[in-house]
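Peer 1: The residues making up each chain are set out below.
Number of protein chains: 2
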Amino acid sequence: MREPTKYLLSEAQMPTVWNNLAVELDASPHLHPGTGQPVGEAELSGIFPREIVRQELSREVDIPIPEEVREIYTRWRPSPLVRAKGLERALQTPARIFFKYEGVSPSGSHKANTAVAQAYYNKQDGTRRLATETGAGQWGSSLAFASALFGLELKVFMVRASYGQKPYRRALMHTYGGVCVPSPSTETAAGRKILAQDPDCPGSLGIATSEALEVAMKEPGTRYAAGSVLNHVLLHQTIIGQEAILQLAMADVEADEVIGCVGGGSNFAGFAFPFLRQKLKRGGRGPRIVGVEPAACPSMTRGRLAYDFGDTTGLTPLVRMHTLGHAFIPPSLHAGGLRYHGVAPLISRALERGLVDAVAVPQIDCFEAGVMFARSEGIVPAPESTHAIAATVAEALRCREAGEARTIVFNLSGHGHFDMASYEKYLQGELEDATLDEKALAASLALVPQPHAPKVAVPA
Amino acid sequence: MREPTKYLLSEAQMPTVWNNLAVELDASPHLHPGTGQPVGEAELSGIFPREIVRQELSREVDIPIPEEVREIYTRWRPSPLVRAKGLERALQTPARIFFKYEGVSPSGSHKANTAVAQAYYNKQDGTRRLATETGAGQWGSSLAFASALFGLELKVFMVRASYGQKPYRRALMHTYGGVCVPSPSTETAAGRKILAQDPDCPGSLGIATSEALEVAMKEPGTRYAAGSVLNHVLLHQTIIGQEAILQLAMADVEADEVIGCVGGGSNFAGFAFPFLRQKLKRGGRGPRIVGVEPAACPSMTRGRLAYDFGDTTGLTPLVRMHTLGHAFIPPSLHAGGLRYHGVAPLISRALERGLVDAVAVPQIDCFEAGVMFARSEGIVPAPESTHAIAATVAEALRCREAGEARTIVFNLSGHGHFDMASYEKYLQGELEDATLDEKALAASLALVPQPHAPKVAVPA
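In order, the protein sequences belong to chains A and B. Position in the first sequence counted from 1, then plus 523, gives you the working numbering. Position in the second sequence counted from 1, then plus 523, gives you the working numbering.
Hint data in this document are derived by calculation from the structure and do not stem from the laboratory. Beta carbons: idealized from backbone N, C-alpha and C, even for Gly. Careful, some of the hints might be misleading.
Once the Cα atoms are required to be at most 30 angstroms apart in a straight line, the calculated DSSO-like pairs of lysine-lysine come out as [as the list claims (entries may be wrong)]:
| # | chain 1 | residue 1 | chain 2 | residue 2 |
| --- | --- | --- | --- | --- |
| 1 | A | 948 | A | 608 |
| 2 | A | 741 | A | 646 |
| 3 | A | 529 | A | 741 |
| 4 | B | 962 | A | 608 |
| 5 | A | 948 | B | 608 |
| 6 | B | 529 | B | 608 |
| 7 | A | 608 | B | 529 |
| 8 | B | 529 | A | 646 |
| 9 | B | 529 | B | 802 |
| 10 | B | 962 | B | 529 |
| 11 | B | 804 | A | 529 |
| 12 | A | 529 | A | 804 |
| 13 | B | 948 | B | 962 |
| 14 | B | 608 | A | 646 |
| 15 | A | 802 | A | 608 |
| 16 | A | 529 | B | 608 |
| 17 | A | 608 | A | 529 |
| 18 | B | 608 | B | 802 |
| 19 | A | 529 | B | 646 |
Some residues of chain B that are not near chain A, with every Cβ distance over 12 angstroms (derived) [unchecked claim]:
| # | residue |
| --- | --- |
| 20 | 550 |
| 21 | 586 |
| 22 | 629 |
| 23 | 725 |
| 24 | 801 |
| 25 | 883 |
| 26 | 942 |
| 27 | 943 |
Work out the full structure, taking the sequences as your base and the hints as a guide.
Peer 2: And the structure:
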């Protein structure tokens, strides 16, 4: 019999819990910027529904997935684990390459996993409207999809650089019934302040987060929904890695390398944390776990580990993370979902403890890998996901040199159907490689408090 | 236990043959326009590889799917059959609605099923390059995907109306490595002739077919690949309906209505013919089978059953079909894949014999149904597929009135990720309803030979 191409689980085999690694990783508390004290339920309940607040602060090992959420998940989950035979052939590598494919969700990426959970808990808690930020639009369109299912209104602040690059993403949100405006916008104090300083500001996830938070804090019936970074978001994504572990067992292989792209870090953590838990239980025996970030927005490899704000204007609690500084505005990468100044605190803890590795790759290399993947596997990957592919290709070529038959497993977090203008630009040779502005980075880092310093002033 | 959302088959359960209904339907032969005699292998072998010619003329009941094709199919097949619980709730209907989802293919539609088969047979037969036409681009991008896998070059003539509307589809073909030009083009005699008469001609599938055929006939190493209409194309799609029958059995239900959209007819036939075979075997007991076409391009409901050309300039054999006339240029529908002047001869035979029903629906109703589907099921359907949804919604609402719990099964032939500009136009209220030009239709029908007349002159 032929070896299967993909490994599918039945709906009955779909995991029933999310994995919370707060205890294993000894998660750092988020701090109130005024008092320097850990934030508790009271501070967070203004913007999040009760159950989300509980999950953000939870030390439970596993959290059950509600039946209503599970039922919606079954529209596309369990997602397939695919043997990338075409890519292996194209690379002539002895390595075995598998990818977990999250692009099968209705909105086209892993973001739907947490969008459905958050929309559900908000509906339960009486929320009328959600506000959020989005980069490339994968999060915004996923939350628009989930909001449509639960009858919630939605306002999305989309980073202006991506708003221009990805009109089809806007149209997708609109089709689902969501309202989408470019950020910085004139609708919030945060947006107006930034536009006054720089009318051509391309925006950033930090700025858009400030705008969404402001709306959620001011307007009654409106709450905020986060697409990455926070503990509860990473939590909801762990269904990915749990499924992948079951599927690798079906294929009767063990992963040697577990690879994911990192912006805020939710798809990476969702994919990698279940593997990490298993590895910790086995006393450190297990795969190398690698997060891949853009060379032009390198929070893990160039950032400082410190308490910093999650948004640009300082509306969030302080979170302990590798950060380029909350004032850092990344260049207009086509992987808009990775244009974030920091990384999830739980991933920062794992990095700090040497449990995961980080690498940074240039944008051009990522598109090259993306086109190779499209031509050998047929799937056009999201520009974000091409970062994981670029690292996979590099490892597979290393295996070819070394004659090693390692097993590489990466998370294909989403498809690139709404990013075709970026591919066209690349194919026409018109895509410039995004470069890191070292001067801006130094200036931004200077505004970051020293590591572990609990007290900082809210930026003026 | 909760009723499952989707019904999945294992790779081992994937059908091993394609169903050929040539005998059951008593297929009419294609005729040579000069001699009026049935065309044979000799005439077709100039433009198609041997095995495709054999399949086009075959009277075998089943044709085995080659192992190499099956292996590629398993990248996305068997495709899911999904219970549309969200749509049922939105419609408050007692009807049970299922859809077969072909949008899971790498290129996003059912077209990949025949693209892979045709690329395989061409590669086997020494073809270096393929030429084809495409409307909305679903066929062109599917063939680009398949050509990339088999290392074939590809030239695609894309109907100009769609070329402008769907830039992301062009970029997708380009990403797969295909070359795409708007049709009518200046690269062929057929294109130049039409542009001389009307420089603003929006093009049509018939014109683009003429251009692709001309290139295939003139240039060495180049063959033509058809995306619909012909027997072998419908044949390759029958894996859809075969899978759906197995999946309905898993769900323990029998279909009462089997619905698909119809342009050239390949997704409809691929979905419906296995049901039709079963129905014929049961002496006519079985589901009502309904093809849905655009009101502005109504070949089944307004066309004449006659021998006509498959392309505009008369390069194809004469095929017996319901036709609006080979000179008919449909209005610039957003469902570009349905802008064809005729319908597959095998479907015409089924219509003629009363084995299937045909309905025509206006474009605006289709987009309305498409948005309702997106908001209740999460999937944005291709504008072509919304025709099947509009008919499903109408039947489900009839069931609500009548209190009937019928089982409706439709084919969701593809997703609309590359058609978001059309959705945005609809949502902004800027989408005009495409209307049938009665005068142009009358003029075009006047050029169609009388029914069954075997001899016609090639148009000047």
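Peer 1: Against each hint, give a clear statement of whether it holds in the structure.
Peer 2: Structure-based check of each hint:
1. A:948 with A:608: 28 angstroms, holds
2. A:741 with A:646: Holds, at about 19 angstroms.
3. A:529 with A:741: 48 angstroms, violated
4. B:962 with A:608: Roughly 54 angstroms between the alpha carbons, so the hint for residue 962 of chain B and residue 608 of chain A is violated.
5. A:948 with B:608: Violated, at roughly 40 angstroms.
6. B:529 with B:608: 10 angstroms, holds
7. A:608 with B:529: Holds - the C-alpha atoms of residue 529 of chain B and residue 608 of chain A are around 27 angstroms apart, at most 30 angstroms.
8. B:529 with A:646: 25 angstroms, holds
9. B:529 with B:802: Satisfied, since the Cα-Cα distance of roughly 24 angstroms is no more than 30 angstroms.
10. B:962 with B:529: Cα-Cα ~47 angstroms, so violated.
11. B:804 with A:529: Not satisfied, since the Cα-Cα distance of roughly 35 angstroms exceeds 30 angstroms.
12. A:529 with A:804: Holds, at roughly 28 angstroms.
13. B:948 with B:962: 28 angstroms, holds
14. B:608 with A:646: 19 angstroms, holds
15. A:802 with A:608: Roughly 27 angstroms between the alpha carbons, so the hint for residue 802 of chain A and residue 608 of chain A holds.
16. A:529 with B:608: Distance of about 27 angstroms is within 30 angstroms: holds.
17. A:608 with A:529: 10 angstroms, holds
18. B:608 with B:802: At roughly 27 angstroms apart (the allowed maximum being 30 angstroms), residue 802 of chain B and residue 608 of chain B satisfy the hint.
19. A:529 with B:646: 25 angstroms, holds
20. 550: Correct as stated: the minimum Cβ-Cβ distance to chain A is 32 angstroms, above 12 angstroms.
21. 586: Given a closest Cβ separation of 20 angstroms, the condition holds.
22. 629: 3 angstroms, violated
23. 725: Residue 725 of chain B clear of chain A: closest Cβ-Cβ about 22 angstroms, beyond 12 angstroms.
24. 801: 27 angstroms, holds
25. 883: 25 angstroms, holds
26. 942: Non-interface label fails for residue 942 of chain B: nearest chain A Cβ at 9 angstroms, not farther than 12 angstroms.
27. 943: Violated: least Cβ distance 4 angstroms, not greater than 12 angstroms.
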